[in-house]
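Colleague: Listed below are the residues making up each chain.
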Amino acid sequence: MTYDALSDVLRAIRLHSAVFYDVNAGDPWVAEAPRASVIASAVMPQSEHVIQFHVVTQGGCWATLLPEARSVLLSPGDVVAFPHGDAHVMSSAPGMRAIPNLDASQRPEAPDRLPIAVHLGGSVAGGEAPRNRVLCGFLGCDVRPFNPLLDALPRMLHMHGKDGSGWIARFVEFARLETSEKRAGSASMLAKLGEIMFVDLVRHYVAGLPEGSTNWLVALGDRHVGRAIGLIHESPGQDWTLDRLAREVGLSRSSLAERFQRYVGKPPMQYLTLWRMQIASSLLTDGRASIARVAAEIGYESEAAFSRAFKRALGTSPSLWRERQAVAAPPKSY
Amino acid sequence: MSFDPLSDVLRAVRVREALFIDVELSTPWVAEALPSKVVGPTILPGCDHVIEYHVVTGGECWASLYDEGFAPVHLSAGDVVAFPQGDPHILSSAPGMRASPDIDSCRPSAGPRALPAIVRLGGGGPERGHIVCGFLGFDVRPFNPLLNALPRMMHMRSKDSGWIDRFAEFAKLEANEKRMGGASMLAKLSEIMFIDLVRHYLAGIPEDSANWLTGLKDRHVRQAVDLLHQSPAKDWTLEGLARDTGLSRSTLAERFMRHVGKPPMQYLTLWRMQLASGMLADGDASVARIGTSVGYDSEAAFSRAFKRAVGDSPTAWRERRRQDGPAAPPAR
Numbered sequence: 015m016t017y018d019a020l021s022d023v024l025r026a027i028r029l030h031s032a033v034f035y036d037v038n039a040g041d042p043w044v045a046e047a048p049r050a051s052v053i054a055s056a057v058m059p060q061s062e063h064v065i066q067f068h069v070v071t072q073g074g075c076w077a078t079l080l081p082e083a084r085s086v087l088l089s090p091g092d093v094v095a096f097p098h099g100d101a102h103v104m105s106s107a108p109g110m111r112a113i114p115n116l117d118a119s120q121r122p123e124a125p126d127r128l129p130i131a132v133h134l135g136g137s138v139a140g141g142e143a144p145r146n147r148v149l150c151g152f153l154g155c156d157v158r159p160f161n162p163l164l165d166a167l168p169r170m171l172h173m174h175g176k177d178g179s180g181w182i183a184r185f186v187e188f189a190r191l192e193t194s195e196k197r198a199g200s201a202s203m204l205a206k207l208g209e210i211m212f213v214d215l216v217r218h219y220v221a222g223l224p225e226g227s228t229n230w231l232v233a234l235g236d237r238h239v240g241r242a243i244g245l246i247h248e249s250p251g252q253d254w255t256l257d258r259l260a261r262e263v264g265l266s267r268s269s270l271a272e273r274f275q276r277y278v279g280k281p282p283m284q285y286l287t288l289w290r291m292q293i294a295s296s297l298l299t300d301g302r303a304s305i306a307r308v309a310a311e312i313g314y315e316s317e318a319a320f321s322r323a324f325k326r327a328l329g330t331s332p333s334l335w336r337e338r339q340a341v342a343a344p345p346k347s348y
Numbered sequence: 299m300s301f302d303p304l305s306d307v308l309r310a311v312r313v314r315e316a317l318f319i320d321v322e323l324s325t326p327w328v329a330e331a332l333p334s335k336v337v338g339p340t341i342l343p344g345c346d347h348v349i350e351y352h353v354v355t356g357g358e359c360w361a362s363l364y365d366e367g368f369a370p371v372h373l374s375a376g377d378v379v380a381f382p383q384g385d386p387h388i389l390s391s392a393p394g395m396r397a398s399p400d401i402d403s404c405r406p407s408a409g410p411r412a413l414p415a416i417v418r419l420g421g422g423g424p425e426r427g428h429i430v431c432g433f434l435g436f437d438v439r440p441f442n443p444l445l446n447a448l449p450r451m452m453h454m455r456s457k458d459s460g461w462i463d464r465f466a467e468f469a470k471l472e473a474n475e476k477r478m479g480g481a482s483m484l485a486k487l488s489e490i491m492f493i494d495l496v497r498h499y500l501a502g503i504p505e506d507s508a509n510w511l512t513g514l515k516d517r518h519v520r521q522a523v524d525l526l527h528q529s530p531a532k533d534w535t536l537e538g539l540a541r542d543t544g545l546s547r548s549t550l551a552e553r554f555m556r557h558v559g560k561p562p563m564q565y566l567t568l569w570r571m572q573l574a575s576g577m578l579a580d581g582d583a584s585v586a587r588i589g590t591s592v593g594y595d596s597e598a599a600f601s602r603a604f605k606r607a608v609g610d611s612p613t614a615w616r617e618r619r620r621q622d623g624p625a626a627p628p629a630r
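Protein chains in written order, with the numbering used here: chain A, 15 to 348; chain B, 299 to 630.
Heads up, some of the hints might be wrong.
As the list claims (entries may be wrong) - Quick partial rundown of chain A residues pointing at chain B, CB under 10 Å, derived from the structure:
| no. | residue |
| --- | --- |
| 1 | S21 |
| 2 | R169 |
| 3 | T299 |
Claimed, not checked - As a list, the in silico SDA-like pairs of lysine to any residue whose alpha-carbon atoms are at most 25 Å apart:
| no. | chain 1 | residue 1 | chain 2 | residue 2 |
| --- | --- | --- | --- | --- |
| 4 | B | K515 | B | P561 |
| 5 | B | K560 | B | E617 |
| 6 | B | K560 | A | S21 |
| 7 | B | K476 | A | G244 |
| 8 | B | K515 | B | N446 |
| 9 | B | K515 | A | F188 |
| 10 | B | K476 | A | L191 |
| 11 | A | K176 | B | F468 |
| 12 | B | K476 | A | D236 |
| 13 | B | K470 | A | L191 |
| 14 | B | K470 | A | D100 |
| 15 | B | K532 | B | K470 |
| 16 | A | K176 | B | K476 |
| 17 | B | K515 | A | L191 |
| 18 | B | K335 | B | K515 |
Hint data in this document are derived by calculation from the structure and do not stem from the laboratory. Source: prediction; values computed, not measured. Each residue gets a CB set at the ideal place from its N, CA and C atoms; glycine is no exception.
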């Protein structure tokens with residue numbers, strides 16, 4: 015079994031989701047989302063970075079990436095996501111604009127009141143149901159110090175319901191069921207579905223990349239580079255050298271270095287250091303271990319050497335960073 | 299939408315990790331599973347409690363607890379059986395078979411990575427079968443009303459769920475194909491299956507049984523539980539809670555006791571300690587601050603209440619979690 019680096023990264027960046035809005039819209043309608051960084055602290059206070067996604071369960075609409083106004087048409091079952099948190103517009107026709115409603119971007123006091131029903135657009139005559147239904151959600155994750163997954167994703171991801179492994183179609187079907195029936199556990203169910211949907215979206219994106227693309231996600235599938243990444247993720251605490259890594263994956267030192275650089279955009283040893291710092295920052299945020307222990311965990315025998323490396327990568331010392339994280343994140347009950 | 303205490307509990311009582319094993323069977327076959335507290339530390343290290351469940355994706359079989367006189371339950375394709383309290387159990391192609399549990403796979407040195415994702419079992423007979431075995435690892439901590447409310451064995455037939463058999467198909471696919479992100483996918487899938495299983499159990503239990511989950515079906519008790527979960531830090535009194543739920547003090551106390559098995563104020567205290575223990579384990583917030591966020595103005599009063607419920611002071615408890623806790627990246 016090949017090591018599953020994507021799952022490893024998803025765990026380390028603490029990806030989690032929530033479906034926020036159940037939008038029912040009659041034509042014409044438009045909703046504009048500001049850059050996710052503007053609303054991140056309100057919707058997902060525990061996350062450094064927020065990815066917004068929309069799932070069309072009924073009708074159809076346009077998603078437009080700002081500022082260049084690149085639009086895609088979404089049909090029922092389609093999903094669109096904005097990995098880098100770009101501002102965007104969802105609307106019944108391309109080219110529409112609106113003022114982002116920041117008041118609506120608040121996490122409700124009880125998160126289990128999610129998703130919030132929203133009605134938009136043209137009034138509906140005679141109690142007839144609005145034609146379009148879109149579920150909107152957020153995926154929260156860590157970005158600092160190193161998130162190879164986000165770096166590898168485009169600004170807008172779009173997937174047709176009929177594509178992929180069938181997950182998206184299932185997601186839409188079950189998400190619709192969960193939002194209309196509102197049974198016990200629905201909020202949890204929708205959150206899990208959102209996370210599954212995102213993994214499928216990423217897979218679909220990778221499958222569609224042209225032959226010869228160089229990208230961390232593509233590298234995972236490369237026999238040599240993928241194996242090297244796997245080894246680093248499996249045993250970040252080992253005292254890796256370029257020689258050892260090359261020997262393990264069956265390449266010469268220079269071929270591995272060249273191939274790794276081409277796919278991942280940085281040399282193997284730099285990738286290792288960044289990944290170690292990513293793990294260290296999670297461990298520090300979680301607050302379970304002493305700094306010396308965190309250092310040992312990721313392969314530093316001396317606390318001083320670890321602190322220097324950490325500071326080089328993140329700009330602050332481990333203890334200062336831990337303190338800041340503790341202040342930034344309120345005690346959480348969820 | 300009304301408040302959803304099941305989601306609230308699922309969030310506070312985290313499913314940390316999940317694991318699947320795909321088992322290909324030929325008759326006759328039998329497999330015995332050790333108590334989950336024996337296999338748990340190996341299979342899902344760092345989890346306080348492990349629940350094992352099996353989805354029959356092909357063929358049929360029998361499931362049984364070890365108890366004298368327990369009648370084995372027949373499982374058909376699409377059925378799910380789970381053992382919430384971690385009981386040892388037997389699965390077999392015919393009722394009444396026994397085997398010795400596979401101790402080797404549970405040696406601490408083996409570790410989760412040593413577990414095969416596909417196991418073949420049986421005598422090579424003509425009848426084939428297929429089971430997906432799943433393990434869910436939970437943080438239990440001091441008070442887990444959900445786990446306390448579940449029986450020793452839960453069985454759900456395929457016709458009772460719109461989800462499970464299809465999800466089991468996906469789980470099988472994920473387990474077999476080993477695509478990127480497969481491990482994350484499987485973890486989320488098993489959480490979804492667990493939620494569905496709990497819902498199914500909730501729908502089937504008689505109204506009058508004393509159980510946190512049935513309490514959720516009683517309008518007034520549910521409203522009281524909702525209020526406590528929504529604002530655990532509020533200075534609740536039985537009077538205030540009774541007023542908000544529109545019942546008299548004594549009626550609320552009696553109904554709550556009947557369904558939940560403890561008085562409302564005791565439930566509140568335990569739930570506060572559950573939340574507090576989560577914050578103690580996960581963050582660096584001071585004990586005083588955690589006390590305040592679960593409704594205690596004085597650190598001393600909070601520490602006393604914590605010690606009464608958990609047996610350790612908050613500081614000692616945190617210390618112990620740090621020593622025992624895994625130094626691995628958080629599950630989420």
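Colleague: With reference to the structure, classify each hint as holding or not holding.
Modeller: Each hint, compared with the structure:
With 10 Å as the threshold, the beta carbon of A/S21 comes within range of chain B, its nearest partner Cβ sitting at about 4 Å, so the hint holds. For the restraint placing A/R169 at the interface with chain B, the shortest Cβ-Cβ distance is roughly 21 Å, beyond the 10 Å limit, so the hint is violated. Interface restraint check for A/T299: the shortest CB-CB distance to chain B comes to about 8 Å, inside 10 Å, so the restraint holds. Taking the CA atoms of B/K515 and B/P561, the gap is about 17 Å. The hint holds against a cut of 25 Å.
With a C-alpha separation of about 30 Å, the suggested pairing of B/K560 with B/E617 is violated against the 25 Å cut-off. At roughly 41 Å between alpha-carbon atoms, B/K560 and A/S21 are farther apart than 25 Å, so this suggested pair is violated. Straight-line distance between C-alpha atoms of B/K476 and A/G244 comes to about 14 Å, which keeps the hinted pair within the 25 Å bound. A hinted pair counts as satisfied when its Cα atoms are at most 25 Å apart, and B/K515 with B/N446 qualifies at roughly 17 Å.
Proximity of B/K515 to A/F188 is assessed by CA-CA distance (about 23 Å); at most 25 Å being required, the pair is judged to hold. Proposed proximity of B/K476 and A/L191 is contradicted: the alpha carbons are some 29 Å apart, above 25 Å. With a CA separation close to 16 Å, the supplied pair A/K176 and B/F468 stays within the 25 Å bound. A distance of roughly 15 Å separates the Cα atoms of B/K476 and A/D236; the hinted pair therefore holds under the 25 Å criterion.
For the given pair, B/K470 sits about 23 Å from A/L191 by alpha-carbon distance, which is consistent with the 25 Å threshold. Proposed proximity of B/K470 and A/D100 is contradicted: the alpha carbons are some 36 Å apart, above 25 Å. For a cut-off of 25 Å, the pair hint linking B/K532 to B/K470 is broken: about 46 Å separates their Cα positions. Between A/K176 and B/K476 the CA atoms are separated by roughly 22 Å; this keeps the pair inside 25 Å, and the hint holds.
Under the criterion of a C-alpha separation no larger than 25 Å, the hint pairing B/K515 with A/L191 is consistent with the structure, at around 21 Å. For the suggested pair B/K335 and B/K515, the alpha carbons sit about 31 Å apart, so the restraint of at most 25 Å is broken.
Of the hints listed earlier, those the structure fails to meet are numbers 2, 5, 6, 10, 14, 15 and 18, in rising order.
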